[in-house]
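We have chain A; now place chain B onto it with these hints.
In case you want the letters, here they are:
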Amino acid sequence: MKDIIISGRMKMADIISHDKRALVLLPRFGIEMGVGDKSVKDICNQKEIDTDFFLLMVNVFLNANYFPDRKLKSVDVDMLLLYLENSHKYYLEEKIPYLESLIEEFKKTVDHPATEQLDKFFKQYIIEVKDHLAYEDHTAFPYVAALSEQIKKNNPDISAVDYHIGVFEERHDNIEEKLSDLKSLLIKYFPPSNDRYIRIRILNELMDFEEDLINHARIEDKVLIPIVEHLEQKVN
Amino acid sequence: MSKSIIVAEQSEIIRKGLVYLVEALGLFRTIREVACASALDENIERFQPDVLILNPSMVSGNTLEVLKEKQNGEIKIAAIVYALFDDELMGLFDDVIMVSDTRQKIQKKINALLDKTPAKKNQKPEETLSVRELDVLKLLVKGMSNKEISDKLFISIHTVISHRKNITQKLNIKSVAGLTVYAILNEIISMDEVQ
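Those protein sequence lines, which keep their order, are chains A and B. Counting in the working numbering, the first sequence runs from 85 upward without gaps. Counting in the working numbering, the second sequence runs from 18 upward without gaps.
Hint data in this document are derived by calculation from the structure and do not stem from the laboratory. Among the hints, erroneous ones may be present.
With a Cα cut of at most 25 angstroms, we get these calculated BS3-like pairs of lysine-lysine [unchecked claim]:
no., chain 1, residue 1, chain 2, residue 2
1, B, 155, A, 267
2, A, 207, B, 159
3, A, 267, A, 173
Note that the coordinates shown come from a computational prediction; the quantities given were computed from them, not determined experimentally.
If we strip away everything but chain B, and leave its shape as in the complex, we get:
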């Protein structure tokens, strides 16, 4: 039990809550609280923590890059999140703790940070359609049924449905009528091809 951790979070309720969960883990000898961004650097310098749980809103400029470089990647940093932050900033963290996470989930994440291989981060979902999905979309907006599409493309109905699901998820458009507008906008089909 020689590890140390800093919990940097402005909200007292959330900070104390995290500290409580961290204490219960029994993994850390030193648990340090930081409530304002200005005290962050000094505390990291002094306590050389193994883990830092940090609210991304306390990050200014390239603090995080500098910190990682200085510590040679020795320090694992998790974000505590209850607001929207940009992807670039979030990419600098080793993991993300959501305020809505369960106790088990939070403790598992902190645990994983101490291992060499931190918990895998969520991959950003693909947004562009694959060639096959484009094929399905084309036939779909021409008014074909799942069965007709499956016959035409020599794939099972199940595969057609799965393509349709992916198309809807990627584009955030559910109805065929909406997909038709999308297809025309992106010149996937022309107006005359639409029924």
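Chain A extracted, bound-state conformation:
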């Protein structure tokens, strides 16, 4: 299924079972598993999700080469923000605690002075990720929401929102970079130990989280930023 453009007629179940990356997308739209044989369009209609928006997001998420330019103008900003916030929730409530518990187990299993440093490195990293997400949740996204609110009015008052999406772009550093360091350390440099399966579990999770973050960043770069720039042009 990789590099295939998803359409509304496809069965939701087929999409998920052919590309497991689609799995994490469903809760971000409030779609639960147990989709039966329903098509993407049926499920979107049932959940009152704009099908075009769903397809846009799925295709950008799954396909690095997909350029959504034409469809950007019709995106509902509130839906987009909800999606992004739900992604952050998944990282904060599911991914990070799970990784933390895995590293904790690794620390208990592997008897090496470097595990303590690895733990420190990881904890520092978690703080950075949380800062990054909090900045977007509490500063960047509320700005976008306020901007889109103003634009709906007859006389948009831009002075109400003192911010610029360019700031977001500048601050948008790669939080997945350090995951790659962790990966190298566990694959190449930690000596063989009695850790058998725990290291596999950590690496699986690191790679999964890394890929999710990269795909997530692509949505912010290719969908969110262009849309907000367009909105900013309207009021200026």
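Just chain B now, with coordinates in the frame of chain A:
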């Protein structure tokens, strides 16, 4: 135009594509296609090609060594590659053609094969740190800035940065925190030296 070439590749699309590029070069009198490994030996025997473009997955056992010995190095062999193969096998080829190479690049490579000195192969990158890089790493993970390292080792900041770049490339670790874990694992510094 008396040279001959064999293009041995299972995928028809890729084989025909290569043949098309080879034809356009106008260097070869005979262009022979081989689509399966079992027909390879027989075709080489019959046509005695000057150049062989070969998918490494068609090589079994020591076919390649035997072939090179038999031909006394007369035959130049390039690999056509779109998958991962081990270094030892790839070392037997005179050059490597990537599926993603441009037309110009592929034609240049084939051209070079016909010369006595085939295109230089990529050197395998060094993976162990040099003594100087180890010095920089030690100070770096102790929490020193580029400026402090440059003062301490009597080298320019530019040199410090270049060492740091090499360290990151060799180890595939970018952050100082990650490098610290590496340094402890390899006993480059001890736990107490870390801030």
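Against the structure, the hints:
1. B:155 with A:267: Given pair residue 155 of chain B, residue 267 of chain A holds - Cα atoms ~22 angstroms apart, limit 25 angstroms.
2. A:207 with B:159: Satisfied, since the Cα-Cα distance of roughly 19 angstroms is no more than 25 angstroms.
3. A:267 with A:173: 24 angstroms, holds
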